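Visitor: Using the hints provided, position chain B relative to the given structure of chain A.
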Amino acid sequence: MTVSAKRIGLAFLFFAIAAMAFAQAHAKSKPEEEHRVTFNRDLAPIVFRACAPCHHPGEAGPFSLLTYGDLKSHARQIADVTQKRIMPPWLPEPGEFKFNDDLHLSPEEIALFQKWVEADMPEGPPADLPIAPKFNPGWHLGQPDLILHADSSFEVPASGSDVYWNFVFRVPLEKTRWIKAIEIRPGERRLVHHANLIVDRSESARRQEKSPGSGFPGMELQIESESFDPDGHFLFWKPGTIPEPVPQGMALRLDPGNDLVLNTHLQPSGKAVKIQPAIGIYFTNELATKFPLLLQLENDRKLDIPPGEQNFVVTDEFALPEPVSLLAIYPHAHYLGRDMLARAKFQNGETKTLLHISQWNLNWQAVFTYTTPVDLPAGTTVSMRYTYDNSEKNIANPNTPPQRVLAGNRATDEMAHLWLQVLPQSPTTESHDPRRVLQEALAHHHVENNPDNFEAHYNLAAMLQARGVLSQSIEHYQRALALRPGDAVVENALGSAFFSANDLPLAIVHLSAAAKARPDYFDSQYNLGLALATSGQFPAAIEHLRAASKLHPQDADAEANLGGALAANGDTQEAIAHLRRALQLNPQHALARENLDAVLKDAKP
Amino acid sequence: MRTAGLATSRMLLFVPALAFCLLPLSARAPQAALDLDGKTVDPIKASRGKIAVLIFVSTDCPISNRYAPLLQHMNEAYSTKTKFWLVYPDKRATAQEIANHLKQFHYSISPLRDPDHSLVKLAKAATTPEAAVFDAQGRLLYHGRIDNWYESPARSRTAATTHELHDVLEAATNGKPTPLASAPAVGCYISDLE
Chain A
1258 MTVSAKRIGL AFLFFAIAAM AFAQAHAKSK PEEEHRVTFN RDLAPIVFRA CAPCHHPGEA
1318 GPFSLLTYGD LKSHARQIAD VTQKRIMPPW LPEPGEFKFN DDLHLSPEEI ALFQKWVEAD
1378 MPEGPPADLP IAPKFNPGWH LGQPDLILHA DSSFEVPASG SDVYWNFVFR VPLEKTRWIK
1438 AIEIRPGERR LVHHANLIVD RSESARRQEK SPGSGFPGME LQIESESFDP DGHFLFWKPG
1498 TIPEPVPQGM ALRLDPGNDL VLNTHLQPSG KAVKIQPAIG IYFTNELATK FPLLLQLEND
1558 RKLDIPPGEQ NFVVTDEFAL PEPVSLLAIY PHAHYLGRDM LARAKFQNGE TKTLLHISQW
1618 NLNWQAVFTY TTPVDLPAGT TVSMRYTYDN SEKNIANPNT PPQRVLAGNR ATDEMAHLWL
1678 QVLPQSPTTE SHDPRRVLQE ALAHHHVENN PDNFEAHYNL AAMLQARGVL SQSIEHYQRA
1738 LALRPGDAVV ENALGSAFFS ANDLPLAIVH LSAAAKARPD YFDSQYNLGL ALATSGQFPA
1798 AIEHLRAASK LHPQDADAEA NLGGALAANG DTQEAIAHLR RALQLNPQHA LARENLDAVL
1858 KDAKP
Chain B
158 MRTAGLATSR MLLFVPALAF CLLPLSARAP QAALDLDGKT VDPIKASRGK IAVLIFVSTD
218 CPISNRYAPL LQHMNEAYST KTKFWLVYPD KRATAQEIAN HLKQFHYSIS PLRDPDHSLV
278 KLAKAATTPE AAVFDAQGRL LYHGRIDNWY ESPARSRTAA TTHELHDVLE AATNGKPTPL
338 ASAPAVGCYI SDLE
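In order, the protein sequences belong to chains A and B. All you need for the numbering used here is the position in the first sequence, starting with 1, plus 1257. All you need for the numbering used here is the position in the second sequence, starting with 1, plus 157.
Isolated chain A (complex conformation) (with noise of 0.2 Å):
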């Protein structure tokens, strides 16, 4: 009895307190409910925004943050990457222009998780929980038209420096596409910091393999481009990318015989992986109607940074001959940047930041796209000022002790880049065509810049001749070949140069050193070939041509002149064969048509 009666003593007692802790709760639940920072009402929304897209099986991020429990058990560690804006790795500054994919948190958001993990991390009512964004395990736009695999897979050793490869994908194509969008799968996730995906027409980087597919090392990339047909479009991918159609009318121009370029930044990651990357070609029937550019501000020339320097200033500044609308920045130095500035200068003296890092990061690297784009009238000044810090104190420095540091491409080396993608505001009529006159003046400006520099007076001589005007191509293209004796491309355009201003031997001795120099250059042996051909030089032109026929057996205009040589020469048989061939592989071959019919007249008895 005694027993039971104090059971029942201590059951008052305690619930008496309970009703007083409970009415206690309830008068003040309300201000306290909205004070409870919970994981589903108020960290869920910012998880599945920022951290998710990394963050989920088969992405780049090394754990999943999709539900409470893996918050909750990464939750001390998300307080202090975020507080410390380490995660989620986002470069600029929040300013005037926003970004596509803006991972930037407030200060408000970080707080929240600071809270959150003062109050023992609460998971809160489960009505509180926004959807969680479901991710497609497989190719993002579904299906692709065409999949290229790498041809062989590139080991990532266990241990020691970052390891920059690149992947060449011959692309199997026979007629031109247009493509409107790109996924890169780069492999294994995790090992790859961002990938760039370049268009290389003109087979120059098959030529750096060892055996064809075997890929080649490097950081920076440099392709040849024809004289004038730039690529505007940035194809690049971050851990988290999700492909993006381009925008509506700016397809991506796919030739046969071009070569898609892989550029990938891989860190060791304590055991031995294969990487082999695959990417999906979309294509679209619409034909490109706007035609992006992409300017490069830049002053690798003044890259000299003396070892303990901790700031560096370099600086690049353009004045756009024509209104551009700004669409996307790619930001691009190495280890050594700290600060990138990107501005610009309007004609009524105003001035706004496009771009803002304050703490480099070569591993975070990416190309900003502005959610719309900027507005840069003619007579607007873009500029660059970047600072460098090659002091001890910066831990990435990759020289220990510091070292002094020039331009480069290694990754011990230094850059000083950005690359400004706009889309010109007036139309392309025949008599302007604003892409031309801006990258004309920006060549201009490289070459005033860095006035030994190779590629500068390549670049401006290659649209000069686009243009026609010949005798200042010739003289720039004189000055790279001088900068570089016997380069077979210099070699080969000065030849074509010359044999466009009618200067027939002139331009067979540069288009002979351009063959000798790279046999197997097609476009040096297609064009010695003609020129040989211009001036009745049959017996040599048929050698060239079919040396060009041989090194691409599917180009109708190597056949079509090739019949043509031999016909001048009397070899109607085979100049017949060539002829058919020519109209074989293009039946709308004009030349390879009326060549054709008139010797086909002639061998009729």
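Mixed in with the good hints, there may be bad ones.
To be verified - With a straight-line cut-off of 25 Å between C-alpha atoms, the simulated DSS-like cross-links for lysine-lysine are: (1) 260(B) - 1531(A); (2) 248(B) - 278(B); (3) 1559(A) - 1602(A); (4) 281(B) - 1329(A); (5) 281(B) - 248(B); (6) 1432(A) - 1372(A); (7) 1391(A) - 1329(A); (8) 238(B) - 333(B); (9) 196(B) - 1329(A); (10) 196(B) - 260(B); (11) 1547(A) - 1432(A); (12) 1528(A) - 260(B); (13) 1528(A) - 196(B); (14) 1372(A) - 1341(A); (15) 238(B) - 281(B); (16) 196(B) - 278(B); (17) 260(B) - 333(B); (18) 1329(A) - 278(B).
To be verified - Ranges of calculated distance between the beta carbons of each label pair, as one might list FRET restraints: (19) 339(B) - 1529(A): 29 to 37 Å; (20) 202(B) - 1357(A): 18 to 26 Å; (21) 1390(A) - 351(B): 25 to 33 Å; (22) 339(B) - 1606(A): 56 to 64 Å; (23) 1649(A) - 194(B): 42 to 50 Å; (24) 1774(A) - 254(B): 53 to 61 Å.
These are computed hints drawn from the structure, not numbers from a lab. The structure presented is a predicted model; accordingly, all values stated were derived computationally and were not measured. Each residue gets a CB set at the ideal place from its N, CA and C atoms; glycine is no exception.
Guide: Same frame as chain A, now just chain B:
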């Protein structure tokens, strides 16, 4: 109401019993951990007079994983006078996951699970990866980072410029006083794993 009241009172009566129960638990040897078969192992004793080196790691921490080749190399270099142990403080990591992890990263260091963090407390470990060095008498000679490769989870050097664990082991294996007692490690928080 009555039923609820009785139930709470019964809870209250159990409280002393629970508190009493905790005593033998806390009296358990603090350096106890489990091998992959679930057997209790005291790594200090099991090092049999050698210097015990506990390396706290986790399967999903990228910084911890990037140290695997170096740790494996150090384990081999100091094998005559030290005994290395890989300690997994994440109680969610199963024996099978740990076995897979060892295989993937080519570890030949003996693994231990430390689900109740008794070794974490003994070694004052806060992070994966982190090292703790004990002499044969079980005295904690050093705890902290392996080297200064990482300055923060986002910033690493091309190569470390100070090598704390190496320096401590050089001194300890040569019978000299260790050059430092601790240095903060960079990596993933063990406190999240409780």
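Visitor: Next step is simple, just say for each hint if it's right about the structure.
Guide: Going through the hints against the structure:
At most 25 Å may separate the alpha-carbon atoms for a hinted pair to count; residue 260(B) and residue 1531(A) meet this at roughly 16 Å. Proximity of residue 248(B) to residue 278(B) is assessed by CA-CA distance (about 15 Å); at most 25 Å being required, the pair is judged to hold. Restraint check for residue 1559(A) and residue 1602(A): the C-alpha separation of about 22 Å stays at or below 25 Å, so the hint holds. Under the criterion of a C-alpha separation no larger than 25 Å, the hint pairing residue 281(B) with residue 1329(A) is consistent with the structure, at around 22 Å.
Distance hint between residue 281(B) and residue 248(B) is fulfilled; the C-alpha atoms sit about 17 Å from each other, no more than 25 Å. The straight-line distance between the Cα atoms of residue 1432(A) and residue 1372(A) is roughly 60 Å, outside the 25 Å bound, and the hint therefore fails. Restraint check: the Cα-Cα separation between residue 1391(A) and residue 1329(A) comes to about 21 Å, which is no more than 25 Å; the hinted pair holds. Pair hint residue 238(B) plus residue 333(B) holds up; C-alpha atoms about 14 Å apart against a cutoff of 25 Å.
Taking the CA atoms of residue 196(B) and residue 1329(A), the gap is near 29 Å; set against the 25 Å cutoff, the hint is violated. The suggested pairing of residue 196(B) with residue 260(B) holds, with an alpha-carbon distance near 21 Å, which does not exceed 25 Å. With a C-alpha separation of about 21 Å, the suggested pair residue 1547(A) and residue 1432(A) falls inside the 25 Å cut-off, and the hint holds. At roughly 10 Å between alpha-carbon atoms, residue 1528(A) and residue 260(B) fall within 25 Å of each other, so this suggested pair holds.
At roughly 29 Å between alpha-carbon atoms, residue 1528(A) and residue 196(B) are farther apart than 25 Å, so this suggested pair is violated. Between residue 1372(A) and residue 1341(A) the alpha-carbon distance is near 15 Å, which keeps this suggested pair within the 25 Å criterion. A threshold of 25 Å between alpha carbons decides the hint, and for residue 238(B) with residue 281(B) the separation of about 23 Å falls inside it, so the pair holds. Among the hinted pairs, residue 196(B) with residue 278(B) is consistent with the structure: their alpha-carbon atoms are about 20 Å apart, no more than 25 Å.
For the given pair, residue 260(B) sits about 35 Å from residue 333(B) by alpha-carbon distance, which is inconsistent with the 25 Å threshold. For the proposed pair residue 1329(A) and residue 278(B), the alpha carbon gap of about 21 Å is at most 25 Å, so the pair holds. For residue 339(B) paired with residue 1529(A), a C-beta distance near 33 Å keeps the hint of 29 to 37 Å intact. The given range of 18 to 26 Å is broken by residue 202(B) and residue 1357(A), whose C-beta atoms sit roughly 59 Å from each other.
A hinted range of 25 to 33 Å holds for the C-beta pair residue 1390(A) and residue 351(B), which are about 28 Å apart. Distance hint for residue 339(B) and residue 1606(A): a CB-CB separation of about 57 Å, consistent with the stated range 56 to 64 Å. About 48 Å separates the C-beta atoms of residue 1649(A) and residue 194(B), a value consistent with the hinted range of 42 to 50 Å. About 58 Å separates the C-beta atoms of residue 1774(A) and residue 254(B), a value consistent with the hinted range of 53 to 61 Å.
Comparing the model with each numbered hint stated earlier shows that hints 6, 9, 13, 17 and 20 do not hold.
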